[in-house]
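Participant: So you can see what is in the structure, the chains are spelled out below.
2 protein chains.
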Amino acid sequence: MRKIAICGAGMTPFGKFPHASIKEIGRQAVWKALLDTRLKPSDIQKVYCGNALSGAITGQEMILGHVIMRAAGLTGIPILTIENACSSGSSAFTEACMAVAGGFYDRVLVLGVEKLTGSNTAHVVKAMSSATDVELEAGYGLIFPSAFALLARKHMEVYGSTSRDLAAISVKNHNNGALNPNAQHKDKYSIDDILNSRMIADPLRLLDCCPISDGAAAVIICPADQAKKYTDQPVYVAASVMTTGQYLQTNDLCSFPVNQRAAQQAYEMAGIGPEDVDLAEVHDCFTVAELLHYEDLGFCAKGEGPKLVREGATELGGRIPVNVSGGLLAKGHPVGATGVAQLVEITSHLRANAGERQVHGAKVGLTLCNGGFMQGEPCVATVNILKR
Amino acid sequence: MRKIAICGAGMTPFGKFPHASIKEIGRQAVWKALLDTRLKPSDIQKVYCGNALSGAITGQEMILGHVIMRAAGLTGIPILTIENACSSGSSAFTEACMAVAGGFYDRVLVLGVEKLTGSNTAHVVKAMSSATDVELEAGYGLIFPSAFALLARKHMEVYGSTSRDLAAISVKNHNNGALNPNAQHKDKYSIDDILNSRMIADPLRLLDCCPISDGAAAVIICPADQAKKYTDQPVYVAASVMTTGQYLQTNDLCSFPVNQRAAQQAYEMAGIGPEDVDLAEVHDCFTVAELLHYEDLGFCAKGEGPKLVREGATELGGRIPVNVSGGLLAKGHPVGATGVAQLVEITSHLRANAGERQVHGAKVGLTLCNGGFMQGEPCVATVNILKR
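Top to bottom, those sequences are chains A and B.
Read left to right, the first sequence gives residues 95 to 482 (this note's numbering).
Read left to right, the second sequence gives residues 95 to 482 (this note's numbering).
Extracted from the complex, chain A is given alone in its bound form:
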């Protein structure tokens, strides 16, 4: 296996761009990633496009990667679209790593892209619910806010976490988003603002939930020993893991076994432990998800997520800053783009160019992206570890 580096990374602002087509959004990210390197469009040998919902929302099904790449000027190379719910972009990245590590290609572009606005919100929410089993779960109302509300209630009952702990995660991520020019939400909130926001699925309130977003992010990868040709600041991929839930077991609803498994594989692959991680971008689709991720990733012991929050350990400047980008809650969550945007964020910290939200001295960053949901755990877990 060859070692791999990210030699280029770029993203669009995340937000609501009802008048922009998915082509325009995707093309912007492709060009930003290319401009971050010394590569030309014709140097790219293969493209993985991660997208979840274009068919349902924009009507461009089946050949999305191709129409975006034609718009960006990349043709005549293998292009394919990977669909894996909210992990579409990060699953595309893991596949791309395999293509380079295995020696099949030297310069591969990974695009994550999503366009959700421009349609009515009910339609978007219905489309999003197709990331569960539509016959057995979505149809009975067990869509994402209700599923995560159940998990939150259970964690409160078993481990004594509170709505205030969840609110503190939202406050932190919005504080971070205010420092990120690409974030959808730049407003800061107090704990009380969160606790007084509209109830969505008890105990989750509006500001416990990520928004509906448009946006795209792209990275270009190459063999580690070629990276200096294309960039002065390569970032190395120490681990890239994608795996799937083990749905036939019951679990305690206070952890995601699939995330624990993915993290363990990634730590082994990278030869590090959770104590070596300087910052992490995790999948805070709801505040409670971030809480569970702290425990599943080993940033604290099981049940001690609330303690981590109360100590401020995951704030910018804390022991292990989490979601300094603003996370899904404040940066936004254009579904298929999220996993790639996490990599873009970590890359900027490892290059020490993350501006006001820089995690100083960051040498190791981790991303966790989840996708779909069946029988109490995510369908997909992707964990990447990057090193400078």
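Keep in mind that the hints are not guaranteed to be accurate.
Each pair of labels, with its calculated beta carbon distance range [what the hints assert, rightly or not]:
no., chain 1, residue 1, chain 2, residue 2, range
1, B, I285, A, G235, 54 to 64 Å
2, A, P275, B, D370, 50 to 60 Å
3, B, D319, A, Q320, 26 to 36 Å
4, A, Y330, B, D319, 28 to 38 Å
5, B, P112, A, P112, 55 to 65 Å
6, A, D319, B, P112, 32 to 42 Å
7, B, V252, A, G167, 22 to 32 Å
8, B, K134, A, G235, 32 to 42 Å
9, B, T215, A, E118, 27 to 37 Å
Below, computed lysine-lysine pairings styled on BS3-like, alpha-carbon distance capped at 30 Å [unchecked claim]:
no., chain 1, residue 1, chain 2, residue 2
10, A, K457, A, K282
11, A, K220, B, K110
12, A, K97, B, K97
13, B, K220, A, K110
14, B, K126, B, K282
15, B, K126, B, K322
16, A, K220, B, K220
17, A, K322, A, K134
18, A, K396, A, K322
19, B, K280, B, K481
20, A, K481, A, K126
21, B, K97, B, K323
It should be emphasised that the hints constitute simulated quantities derived from the structure, not laboratory data.
Every residue, glycine too, gets a C-beta built ideally from N, C-alpha and C.
Dock chain B against chain A, hints included.
Facilitator: For chain B alone, kept in the frame of chain A given last:
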């Protein structure tokens, strides 16, 4: 790179199964492929699911591979869905080959699956049209029958092919379908039947066009040197190529440069030429497509496709039998399943168990699957070469 073998292959009948869910259809193919080996479900290490239209037709977007694999009893392993229009299944196969050839996994399952019926036909046709650029082409009526009708007219004008030549391809493929228990259409037709069928897009008539179908097909691949553990009849993958159209050039509308390029790469990879191919399964979504494929694959010189037809060279028993399965025209075309079903067909011939339609002594088989369409050529071309 490790050499790869197909150690298991299976498919459902293709046809109209309006009451079967996509889970049931997909699961059947997964189990048929497993039963064709000595493997248990828990031996599979990764799954690639090729699907094009489940979101648009069944509402199960985003995690299709996961819901099918849970139904089939495969969990806890990496699962992802690849969308590449009519090449979704064959693109999934090429990715899977990379995963095994690169040494990342030893036993990988590839499922191609599609469920189109149960919705009204206008909805299905609209969904199918999303395999073109929906903003620039589909919206103006340049959907598949009209696009291929233009190509047919051009080939007739330049090379003197006739509606009778096209009809002869349909007659041949329906004759073959009559021998295939898994074919959707088992009726035989005369040249006059084809020429008298309803006009769809001049000069293409109803029996020049493939039907709307449901179905699934699956193969299991492993390193060549492990294959005998899992099956007594391994079939070897000599080449697996996926590439994309070069849309910025004009072409003559009588050939698909992307297919020529994919075929050339595959022949080089396999170390053979078109004269070494004993049988081929090609993408006859319309009769004229098969005619162009003869020329692009090098089975005859450019413009000599009609001569090949008139000689009967591509019939069962001819010099180079094409679509002995019945092809898309008679076997059916469940979009994402087609590319994998082509591999299942070739596998059965190389194992000498194709029954009445066996190509005797077949040692080398080729598949060509196309997907999508922009600016006069397919978006995706996949060519595989299998050897016994």
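Participant: Out of the numbered hints, which ones does the structure contradict?
Facilitator: When the structure is compared with the hints, numbers 5, 6, 18 turn out to be violated.
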